[in-house]
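Undergrad: All chains should be modelled from the sequences, with the hints used to inform the complete structure.
As given, the protein sequences belong to chains R and L, one line each in that order. Residue numbers for the first sequence, in the numbering used here: 6 to 114. Residue numbers for the second sequence, in the numbering used here: 2 to 114.
Hints are computed from structural coordinates only; laboratory data are not their basis. One or more of the hints may lead you astray.
Stated by the list, open to error - Straight-line alpha carbon distances no greater than 25 Å define the calculated DSS-like cross-link-like pairs of lysine-lysine that follow: (1) R:K45 to L:K14; (2) R:K8 to L:K14; (3) R:K72 to R:K61; (4) R:K72 to R:K8; (5) R:K46 to L:K14; (6) R:K8 to R:K73; (7) R:K62 to L:K58; (8) R:K61 to R:K8.
As the list claims (entries may be wrong) - Here's a subset of chain R near chain L, in silico, CB distances under 10 Å, partners left out: (9) L39; (10) K46; (11) F50.
All C-beta atoms, glycine included, are put in the ideal place defined by N, C-alpha and C.
Here's the letter readout for the chains.
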Amino acid sequence: EDKVVQSPLSLVVHEGDTVTLNCSYEVTNFRSLLWYKQEKKAPTFLFMLTSSGIEKKSGRLSSILDKKELFSILNITATQTGDSAVYLCAANTGNQFYFGTGTSLTVIP
Amino acid sequence: KAGVTQTPRYLIKTRGQQVTLSCSPISGHRSVSWYQQTPGQGLQFLFEYFSETQRNKGNFPGRFSGRQFSNSRSEMNVSTLELGDSALYLCASSWDGTVYGYTFGSGTRLTVV
Chain R
6 EDKVVQSPLS
16 LVVHEGDTVT
26 LNCSYEVTNF
36 RSLLWYKQEK
46 KAPTFLFMLT
56 SSGIEKKSGR
66 LSSILDKKEL
76 FSILNITATQ
86 TGDSAVYLCA
96 ANTGNQFYFG
106 TGTSLTVIP
Chain L
2 KAGVTQTPRY
12 LIKTRGQQVT
22 LSCSPISGHR
32 SVSWYQQTPG
42 QGLQFLFEYF
52 SETQRNKGNF
62 PGRFSGRQFS
72 NSRSEMNVST
82 LELGDSALYL
92 CASSWDGTVY
102 GYTFGSGTRL
112 TVV
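TA: Take a look at the structure:
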């Protein structure tokens, strides 16, 4: 059965902390791994990863994929209150995306 | 450039009724996918439409159906509503399906009482 598991389920940190969110996947015909940020309703796209070991960066956010160990991590450095959201990862099989249940991040001032 | 538009934003229905949700994709996007999001299950794939044809389908009962029109707008219908159908229904559009990431709409919050 295809599945994506995210950990931790929730996280509370103070502003300025660095956090690492985890995403492991077991899907057939894996093509890519995507990260989304969901603040209220509409998830917004963060990264798409297709190759192992190549870090993608956008400001304080970065992500990397390990296709051998079947996982990805999302790092957020110097967290801000605006980073508070649910972070979703999804594995793309070409037919559909399999989403994890998300990690809820709360950043306290 | 307009985003993905879902209507209505909120709905309250009674068990046994049926409901139709609407999704207008970004102009030029031909693929529309529907997801159900609940706290315990996360986002679960319902189906994907591409050029008016259902291309992929998730593991939901036949009460969940959809269609896509020639202008790429899509509708999702749920018949004989159950309490467990209460969820946020998200649609997402993309240019050609799963090759690139989606752009999501803000969703329709359905509550079944």
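Undergrad: State for each hint whether it applies.
TA: The hints, checked one at a time:
1. A distance of roughly 22 Å separates the Cα atoms of K45 (chain R) and K14 (chain L); the hinted pair therefore holds under the 25 Å criterion.
2. The suggested pairing of K8 (chain R) with K14 (chain L) is violated, with an alpha-carbon distance near 31 Å, which exceeds 25 Å.
3. Of the pairs offered as hints, the one joining K72 (chain R) and K61 (chain R) holds, with about 15 Å between alpha carbons and a cut-off of 25 Å not exceeded.
4. Only pairs whose Cα atoms come within 25 Å are accepted, and K72 (chain R) paired with K8 (chain R) is accepted, the gap being roughly 15 Å.
5. Proximity of K46 (chain R) to K14 (chain L) is assessed by CA-CA distance (about 20 Å); at most 25 Å being required, the pair is judged to hold.
6. A hinted pair counts as satisfied when its Cα atoms are at most 25 Å apart, and K8 (chain R) with K73 (chain R) qualifies at roughly 16 Å.
7. The hinted pair formed by K62 (chain R) and K58 (chain L) fails the criterion: a straight-line CA distance of about 33 Å is larger than 25 Å.
8. Taking the CA atoms of K61 (chain R) and K8 (chain R), the gap is near 23 Å; set against the 25 Å cutoff, the hint holds.
9. Because the beta carbon of L39 (chain R) sits about 5 Å from the nearest beta carbon in chain L, less than 10 Å, this interface hint is met.
10. Because the smallest distance between the Cβ of K46 (chain R) and any Cβ of chain L comes to about 4 Å, under 10 Å, the interface hint for this residue holds.
11. Taken as an interface hint, F50 (chain R) checks out: its beta carbon lies about 5 Å from the nearest beta carbon of chain L, inside 10 Å.
Violation of the numbered hints given earlier is confined to hints 2, 7; the remaining hints are satisfied by the structure.
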